[in-house]
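Residue numbers (this note's numbering), protein chains in the order written: chain R, 680 to 959; chain X, 206 to 523.
Treat the hints as calculated values from the structure; they're not laboratory data.
Remember, predicted model here, so these are calculated numbers, not experimental data.
Glycine residues also receive a C-beta, built at the ideal position from the N, C-alpha and C atoms.
One or more hints might be untrue.
[Unchecked claim] Non-contacting residues of chain R with respect to chain X, defined by C-beta distances greater than 10 Å in every case (computed): (1) Pro710; (2) Gly733; (3) Leu741; (4) Ile748; (5) Ser765; (6) Pro835; (7) Ala843; (8) Leu874; (9) Gly902.
[Unchecked claim] Chain R is nowhere near these chain X residues, computed Cβ spacing over 12 Å in every case: (10) Gln280; (11) Pro294; (12) Pro415; (13) Phe419; (14) Leu438.
[To be verified] Pair by pair, the computed Cβ-Cβ distance ranges are: (15) Val246/X x Ala697/R: 35 to 41 Å; (16) Pro849/R x Ile378/X: 58 to 64 Å; (17) Arg876/R x Phe419/X: 37 to 43 Å.
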Amino acid sequence: MVVLRQYLPRPLAKSIEALFTQVVMVLVVGPFVFIFFYMVWSSVKPDYLFYEPGTWIFEPTLYHYQNVIGGSDLIGNIRNSLIVSSAASLIGVICGIMTAYTIARYKLRKLAMAILVTRMIPYITALIPLWMMYNWLNLLNTYTGLILSHLVITIPFGVWILIAYIEDIPQDLEDAALIDGASRTQVFWKIVLPLCRPGIIATTILCFIFSWNNFQLALILGGIDVNTAPVSVFKFAGAETGSMGAMMAGATLVTIPVFVIVMFVQKHLAAGLTAGGISK
Amino acid sequence: MREAAPKAGTLSGLPRAGGDVGPRERVVNWIDRNLPIIFNVPTVLLLAGLVAFPVLLVLYTSMTDWFLYTPEKRQFVGFANYVAVWSDPRWLHAIWHTVYLTVGSVFFQFVLGLGIAMLFNRQFRGRTFYRSVFLLPMIAMSTAISLVWIIMFNNSFGLLNFWLASLGVEDHIAWLSDEHMAMPSLILVQVWHWTPFMTLLLLAGLQSLPSEPFEAAKLDGASPWQMLVNVTLPLLKGHIIVALILRSIFAIKEFDTILTMTEGGPNWATETMNMNIYFNAFDYGYTAQAAAKGVLFFLFILAIQVALLRFRERQWSY
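Chain X on its own, in the form it takes in the complex:
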């Protein structure tokens, strides 16, 4: 994507063979010349209507006092909503819950994912089979697997408590209905759901590494642990950072499993930013404030994404 674009309809400036003859030729030439525009008309129109205009609308809405159920009383209030959201204790808690869920789930995904990626990075029988089976959680419908986990987590006849009981732990854990256990339970589901993705990203990194440093370390008699800390991790650093940021963006936006399994409860202990905006906009009708929160949520993600892009560019440049 670096060299200058060739002019449409021509090859390195040369006129196209045939030249213009009749009106049909002229139409064809016109289409050829304007191909980059004509081909992009549907995409650009659709995305303008479905993304660009809505973004302008949400920016405008966030500066009004729009209450969903009295739409006729709408006034421009400037940045008042952006100030007001910071005195909403539930929003502040939601930010904390989002960070909790993100850091918790991405950390365990990383530790597990790195280990599993290193296992997959060797030749053994049935590797393709194991890998494709291992990827299944990624493509499973999140509301459907939430149902399975709801049953696994059930206090009185869930499988997890049954297993704990057979290990001698007689106290039933209230996985989803205890304020302090609900978030760790959701993190467990996240780890199950997305560790395969982390593995995939790290495996791609491992497979791109040169083999010489590993051979050299082996000759020098490095232990497996020394190999991991002194060779693998430093070489993989770029891939690790990209994978961590990608997974964090996913985790920040998590919605489906939380709504299905806890609906933000108990006592809003699992309400993330995404959930909070959803409730405010579509349950309570605080459209304007929800719009302001939505914009902040977008900026929050954008900041992380820009960090990712910058990092990738730096990787490209050397």
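Next comes chain R alone, as it looks inside the complex:
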């Protein structure tokens, strides 16, 4: 790039550099996005073309979507997922904001560590005893059981993310209200919650996505009545009769809505995912 600047007039060298950067970025990001393009484009590919992977231009068909929606339990399972993930993310964030507030303001380090430890336990280790407990309590294959189990994802994650948002609220604001005679509960309702709103919304959405994508909990604790979307999609892989177009249509139906939701939390996504990654 430096070489260009020596031999060419500056503006020209600059625009060539800019173009070069764009080409490099497309080449780098391309392979990561290609899989999604391939998924969507294959979901509208007619069946007889599936044995010609090199054919890219064809008349798109919605046949596979009709098949998947009408002929499989995917839509019902997406509904189950919506119920479980919404409930789990709401409860998780409500518990999370209260705990996060006390951790941030009363410096409850031990509680914070304990919550971090719960996030370290691999699901499979917790699932063996959970399955036994659910078996005794008749919670297997119920919404209640599945929602409860998803709280293991959403509560710790919610607490961890929300602590940062609460610490961003100036303590002086709360102190001023306390001096004016407000109670702690009032401070929480009237100052902390309104100021945290963007953070709470972003956390709810991220909790929803983590719960939505979780496969292992529902695979073991779910059942025919409450199978979630990931379990439904997993079953497409083993189905000998299912066509490839149907597989791709199913994959598209569960993936693309999440991408749309994520556009609303664009700003918080990177920070949330990094913090959420402290433990899957």
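With chain R held as given, fit chain X onto it using these hints.
For chain X alone, kept in the frame of chain R given last:
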């Protein structure tokens, strides 16, 4: 989180304005005083029931001879299961497969992730757009993208073999059905799925670095390669170690894509620890032994996580 906590309901020891007047005030004061307890009741109860009690139960189960299909014959056997698992060849292989998958996928994620993070660490048009598109694999449902990769990997009409054929490689590669190719194929999927995450972690590190050392190196006429090896990497060391450990913990626990794409096969060549515990506990019914393996698996991850926490604390302390 270092200074002493102020007493509940008071501000630096001063009584709250108003004092106690009526019974309503007294209730409010009581709530204020006990706020840290009241606010944590739901979280603590739920996590105690869903995490703490199950952990005790799994510890107990791992010391019995519980077989799922004959639950009435249950005896305490001490640490026998913890000894027995080491004579299970499939478990030993599973440990090796876990290490293989983890080291393989994290290595390539790191090399790619560092390069891409350095690309993103400059100003250019459309940077936000490229970055948000690039993050999409992270939030994609793993079972769904496994389906796409199953089709990509298909022996006879998969896209990868089609491309290889058009490059002149006529031998079809059995990506997922060959014992030696299955794990590299899974690593490829892992690299695709999680390189964005590695990039995100390293990019955060790069953006926190001071600019002076880079300017100084530039003035001294350092080549880009010298800059990378002598300036960027040493400065980024802390972030790199944290990112590597975080990603390793993810990779060790990987389950969804393996179950969807290979179900641990062919011939158990892709069975990781997580998969092995799953099969033993929920397919074969060896509950007690699976519980012992689950505890070992947890300790395995805990050891790595403790290393991470210690490292982070050391970073904080200076």
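Verification of the supplied hints:
no.	hint	result
1	Pro710	violated, 7 Å
2	Gly733	violated, 6 Å
3	Leu741	holds, 19 Å
4	Ile748	holds, 16 Å
5	Ser765	holds, 16 Å
6	Pro835	violated, 8 Å
7	Ala843	holds, 12 Å
8	Leu874	holds, 17 Å
9	Gly902	holds, 13 Å
10	Gln280	holds, 16 Å
11	Pro294	holds, 20 Å
12	Pro415	holds, 21 Å
13	Phe419	holds, 15 Å
14	Leu438	holds, 20 Å
15	Val246/X x Ala697/R: 35 to 41 Å	violated, 57 Å
16	Pro849/R x Ile378/X: 58 to 64 Å	holds, 60 Å
17	Arg876/R x Phe419/X: 37 to 43 Å	holds, 39 Å
Checked against the numbered hints listed earlier, the structure breaks hints 1, 2, 6, 15; every other hint is satisfied.
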